[in-house]
Amino acid sequence: MMHPKMHSTLPTDATPTMRTRPLADAPALASKAVQSLCESKAHFALQPDEARVVLPFLRWVSFTEGAYLYREGDDSRTSYMLLLLEGDVTVDTRASGREDRVAIASLGPGSLIGEMALLDGSPRSTTCIAITAVQAAGLSQGGLDRLAQDHPAVAFKLMVYVARNTADRLRAVSEQLTMVDQVIASLHDELAQLRKTSSLRP
Numbered sequence: 128m129m130h131p132k133m134h135s136t137l138p139t140d141a142t143p144t145m146r147t148r149p150l151a152d153a154p155a156l157a158s159k160a161v162q163s164l165c166e167s168k169a170h171f172a173l174q175p176d177e178a179r180v181v182l183p184f185l186r187w188v189s190f191t192e193g194a195y196l197y198r199e200g201d202d203s204r205t206s207y208m209l210l211l212l213e214g215d216v217t218v219d220t221r222a223s224g225r226e227d228r229v230a231i232a233s234l235g236p237g238s239l240i241g242e243m244a245l246l247d248g249s250p251r252s253t254t255c256i257a258i259t260a261v262q263a264a265g266l267s268q269g270g271l272d273r274l275a276q277d278h279p280a281v282a283f284k285l286m287v288y289v290a291r292n293t294a295d296r297l298r299a300v301s302e303q304l305t306m307v308d309q310v311i312a313s314l315h316d317e318l319a320q321l322r323k324t325s326s327l328r329p
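Take the numbering used here: the final residue in the sequence shown is number 329, and no numbers are missing along the way.
None of these hints come from the bench; they were simulated from the model. Given the structure is predicted, the values throughout are model-derived calculations rather than measurements. Backbone N, C-alpha and C define an ideal beta-carbon position, used for all residues, glycine too. Hints may be right or wrong, so weigh each one.
When the alpha-carbon atoms are kept at most 20 angstroms apart in a straight line, the in silico SDA-like pairs for lysine to any residue are as follows [to be verified]:
| hint | residue 1 | residue 2 |
| --- | --- | --- |
| 1 | K159 | D176 |
| 2 | K159 | L234 |
| 3 | K159 | G235 |
| 4 | K284 | G235 |
| 5 | K159 | V281 |
| 6 | K284 | L234 |
| 7 | K159 | R148 |
| 8 | K284 | Q268 |
| 9 | K159 | P149 |
| 10 | K284 | L246 |
| 11 | K284 | V161 |
| 12 | K159 | L246 |
| 13 | K284 | E177 |
| 14 | K284 | R179 |
| 15 | K284 | P183 |
| 16 | K159 | Q262 |
| 17 | K284 | L182 |
| 18 | K284 | E166 |
Across the chosen pairs, the derived CB separations fall in these ranges [as the list claims (entries may be wrong)]:
| hint | residue 1 | residue 2 | range |
| --- | --- | --- | --- |
| 19 | R228 | A172 | 15 to 23 angstroms |
| 20 | D176 | A155 | 13 to 21 angstroms |
| 21 | P279 | S249 | 22 to 30 angstroms |
| 22 | A230 | D176 | 13 to 21 angstroms |
Please put together the full structure from these sequences, using the hints given.
Laid out in structure tokens, this is it:
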């Protein structure tokens, strides 16, 4: 089966279920992107004219159900973020010091994912999988650089919102992982008590 050629602004080593085209090729999705970029609940709240300025720098990205949008440990060549327009994804990470993975969130349209890699170029810290078929708007590092060059005020405003979203996400993840550690510690205590009780029986 032949797969379409990847666009240079997004990783060529990504999952082969990935498709990229200019977002303008899909007017309905472009409209959803503008709406999401203008919604305060998505931490953006750009003005409509500002959101339309961003559109030419976004790529239309598609993933099939079960595809990896990105994997934990992927290197900085995968420096792009995705704004979900249709479909749902799950995000998980490896628990500190253990082999098991911890589900962080299930996200849907209007959610922003992968922004940390765009901000600092660091390896992916989570794994994201499509629960359903997904349509998204992708912004690469190159796209962000061009946006900043052509429309610096809009780029600055966009990245302020991205940073705010990242801070909230990290806070929520930290709280969730702390809760997981507490539950595991409690279970270990319960097991230790059961072993102790069992050893005391005649």
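For each hint, the structure was consulted:
1. K159 - D176: holds, 14 angstroms
2. K159 - L234: Cα-Cα ~16 angstroms, so holds.
3. K159 - G235: Holds, at roughly 13 angstroms.
4. K284 - G235: violated, 23 angstroms
5. K159 - V281: Satisfied, since the Cα-Cα distance of roughly 19 angstroms is no more than 20 angstroms.
6. K284 - L234: Measuring from Cα to Cα gives roughly 23 angstroms; hence the hint is violated.
7. K159 - R148: holds, 16 angstroms
8. K284 - Q268: holds, 16 angstroms
9. K159 - P149: holds, 14 angstroms
10. K284 - L246: holds, 14 angstroms
11. K284 - V161: Given pair K284, V161 holds - Cα atoms ~15 angstroms apart, limit 20 angstroms.
12. K159 - L246: Violated, at roughly 24 angstroms.
13. K284 - E177: The hint holds at about 9 angstroms.
14. K284 - R179: Given that 20 angstroms is the threshold and the Cα spacing comes to 14 angstroms, the pair holds.
15. K284 - P183: Holds, because 17 angstroms separates the two Cα atoms, which is no more than 20 angstroms.
16. K159 - Q262: With Cα atoms ~11 angstroms apart, K159 and Q262 stay inside 20 angstroms; holds.
17. K284 - L182: It holds: about 15 angstroms lies between the C-alpha atoms, which stays within 20 angstroms.
18. K284 - E166: Since the Cα atoms of K284 and E166 sit roughly 14 angstroms apart, the hinted pair holds (cutoff 20 angstroms).
19. R228 - A172: 15 to 23 angstroms: With Cβ atoms ~33 angstroms apart, the hint is violated.
20. D176 - A155: 13 to 21 angstroms: Holds: the Cβ-Cβ distance is about 20 angstroms, inside 13 to 21 angstroms.
21. P279 - S249: 22 to 30 angstroms: holds, 24 angstroms
22. A230 - D176: 13 to 21 angstroms: violated, 38 angstroms
Hints 4, 6, 12, 19, 22 from the list above are not met by this structure, while the remaining hints are.
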